[in-house]
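Number of protein chains: 6
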Amino acid sequence: MVYLTRKEHFNAAHQLHNYDWSDEKNIEVFGKCANKNFHGHNFDLFVTVKGKPNPETGFVMNAHILSKLMKQEVVARLDHKNLNLDVPEFTGLMLSTEIVVQQIWKWLQPHIASNACQLHCIKLYETENIYVEYFGE
Amino acid sequence: MVYLTRKEHFNAAHQLHNYDWSDEKNIEVFGKCANKNFHGHNFDLFVTVKGKPNPETGFVMNAHILSKLMKQEVVARLDHKNLNLDVPEFTGLMLSTEIVVQQIWKWLQPHIASNACQLHCIKLYETENIYVEYFGE
Amino acid sequence: MVYLTRKEHFNAAHQLHNYDWSDEKNIEVFGKCANKNFHGHNFDLFVTVKGKPNPETGFVMNAHILSKLMKQEVVARLDHKNLNLDVPEFTGLMLSTEIVVQQIWKWLQPHIASNACQLHCIKLYETENIYVEYFGE
Amino acid sequence: MVYLTRKEHFNAAHQLHNYDWSDEKNIEVFGKCANKNFHGHNFDLFVTVKGKPNPETGFVMNAHILSKLMKQEVVARLDHKNLNLDVPEFTGLMLSTEIVVQQIWKWLQPHIASNACQLHCIKLYETENIYVEYFGE
Amino acid sequence: MVYLTRKEHFNAAHQLHNYDWSDEKNIEVFGKCANKNFHGHNFDLFVTVKGKPNPETGFVMNAHILSKLMKQEVVARLDHKNLNLDVPEFTGLMLSTEIVVQQIWKWLQPHIASNACQLHCIKLYETENIYVEYFGE
Amino acid sequence: MVYLTRKEHFNAAHQLHNYDWSDEKNIEVFGKCANKNFHGHNFDLFVTVKGKPNPETGFVMNAHILSKLMKQEVVARLDHKNLNLDVPEFTGLMLSTEIVVQQIWKWLQPHIASNACQLHCIKLYETENIYVEYFGE
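Residue numbers (our numbering), protein chains in the order written: chain C, 455 to 591; chain U, 455 to 591; chain S, 455 to 591; chain Y, 455 to 591; chain W, 455 to 591; chain L, 455 to 591.
No lab work stands behind these hints: they were computed from the structure. Hints are not guaranteed to be accurate.
In silico contact screen, one side only, chain L against chain W (beta carbon under 8 Å); selected entries [stated by the list, open to error]:
no. : residue
1   : Met455
2   : Val456
3   : Tyr457
4   : Ser476
5   : Asn480
6   : Glu510
7   : Phe513
In this text the structure is predicted, and so the values were computed from the model without any measurement. Beta carbons: idealized from backbone N, C-alpha and C, even for Gly.
Chain C extracted, bound-state conformation (with noise of 0.2 Å):
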């Protein structure tokens, strides 16, 4: 078993809202990230597949195909979007980053599954101080 990884990123907008809460009670729990206005980050993400290597090609996966993936099913609905507002399965959800690893894992699963190696995990940085490691349960 080997494990590969991928890094690609993208640019968005966001805010930390719950919609049952009063504003003050957002600033409270969110502080700044709650800003209406939004705010941003470059976001980078990692994703990880294990598996057998194939022995024509030495490959767990071809890590071009991984990274056509990750462009298909995730840079191209995140880049330079506002995840709350511009991403269907994200209206009205607390958009914390823990909650866009597993939809980023449900987009690309399918798509890994067919490709005879398992995905192991998402990992999603906010900041250079901050990220998120989802392994699909």
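Starting from the known structure of chain C, arrange chains U, S, Y, W and L on it as the hints suggest.
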């Protein structure tokens, strides 16, 4: 003459939009950066000052004072803000990074001048692949 | 189960010295790390917690609270300190990074447990080329 | 159980080429990585060992000894080499990074085992955007 | 005057070899960099242009156009290539990084000049520890 | 004229202390950097030389020779040392990074001058957020 550089950062949303142009022209020139709902970045700010080290402290300028000035004059105004909507100095302007560095110079320059050294350069990273520098003229 | 990691840093002096050994043996085993006058590092600390995201906040744990805990329990004790001389818990100990991460676990674990998620990993970079990880057992 | 990781690096040329395939098929599958005249990378190698810290040294393993082993067993064989032409163990093989990490495990594992701790992971960055990990099985 | 810098990268094989010298002298001067079978690097290229921001766009130069020029004029010629064998402009030359940056200037300069701003600097990282800069004279 | 930069690093302890001042005044001006028991850093040193590439080697200066000079003249003096106690040139001085870069210039300049190129800049990172540059006057 010795040069001292200090890094701070802020996370913000913005869009590139010329209010005198049609939406079509904005998209033609600025591409996905013209998204009406904004996108965002983790901005890294490097400020360089220059001077002769003070014989008592060995400092061109106390780096903690420089850090405080950057937080007070720049980070407090821009962090977790929407650059187009939340910053009075930017209202109605084309918000390229080139414009932002010139405004940061204006905010910081009077404070640096009063510390017996000179402001030398404002360097702002929009992403790890794009940065802009301004030397005051 | 989602994993959240937060980075903080501290700058400290230390030396590697076994007080039961002769100076010669200390130098033989630890080389220049045994310098009697100390050397130092910029330590980067990554703390990972894991749990189920809270449905109201979307958070495994509020990253600002995690940051505050790391500053209060670790950075306040170690930043700009001499690890051998200034930290009561380290008096008389061999101060390898392996020992430091286990003590950081002890400082942080009670506080994380009370936040409805679990401490998962303490990762400490001594330089960009050496780091140590501890998972609590 | 504590985990210690050490980084070393090497610069090497290679190509992706299955010798049982036509040139056309190699280009179809491997793209520009199949260039007959080779291309190259700055490879960053991270080796992780695990064990119980020795009470006399505080070390899972002396990081200087780990560094020397990595230089002697890996860097000396691969640095400033052509992986396809200069390394006997790689002759005639598909030289994906997946294959390289498994060979590095074979070179290092006997030496780590004799140091009272276990080899845990070989992690190899081909570029800053692609890396591969191997845990020995 | 504002300065804009854009980063792109390419991966390539090369060797340092003076064709007028014996193999022994090449190895004496260039060491392992003279390996006949080549070695390689991940090259990071930073191109800086300078000018007065255009009042309509706020840009010294559109960073996407700069990126496209760098890809078209430099990356397309050098990425996944053998610098000694695959690049007509380098045939028979000593291929130090110093020579490469001067050629990159020649490829880019005519295109930048036609965009109402000036080429200022070509900066090329061979590894994270060595880089070369050229300012056109 | 081409510019070549080489990076080396050293780890050292130091304190900021003006011996003509009371302890109270030292703490007032230098804060926690005045800790009597020292603190420390991983210092990253970048040395830039400039000159006309030699037609036989293509080099402004052989980067391996520059690396050796930096190790012999700077790293051997400062690595794993206490800058206040172990370095004769620093005895009794205010040990700001501004002072250190000027001394590094003095150590390196005679050796660079004898290699047919000129020393251009000493750049020293104290942390990833603070660095100082000196150009010789």
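Next on the checklist: Would the hint on L:Asn480 be counted as holding, given a Cβ-Cβ threshold of 8 Å to chain W?
Outcome noted: violated, 36 Å
Checklist entry - Against chain W, with CB atoms and a cut of 8 Å, does the hint on L:Glu510 hold up? => result Holds - the Cβ of L:Glu510 comes within 8 Å of chain W, reaching about 6 Å at its closest.
Next on the checklist: L:Phe513 was flagged as interface toward chain W. Is the shortest Cβ-Cβ separation under 8 Å?
Outcome noted: holds, 5 Å
Checklist entry - Should the hint that L:Met455 touches chain W count as held when the rule is a Cβ pair under 8 Å? => result Holds - the Cβ of L:Met455 comes within 8 Å of chain W, reaching about 7 Å at its closest.
Next on the checklist: Checking hints one by one. Is L:Tyr457 an interface residue toward chain W, by the C-beta closer than 8 Å rule?
Outcome noted: holds, 4 Å
Checklist entry - Should the interface hint for L:Ser476 be scored as holding, given a Cβ-Cβ cut-off of 8 Å against chain W? => result violated, 43 Å
Checklist entry - Any CB of chain W closer than 8 Å to the CB of L:Val456? => result holds, 5 Å
Hint compliance for this structure: hints 4 and 5 are broken, all remaining hints hold.
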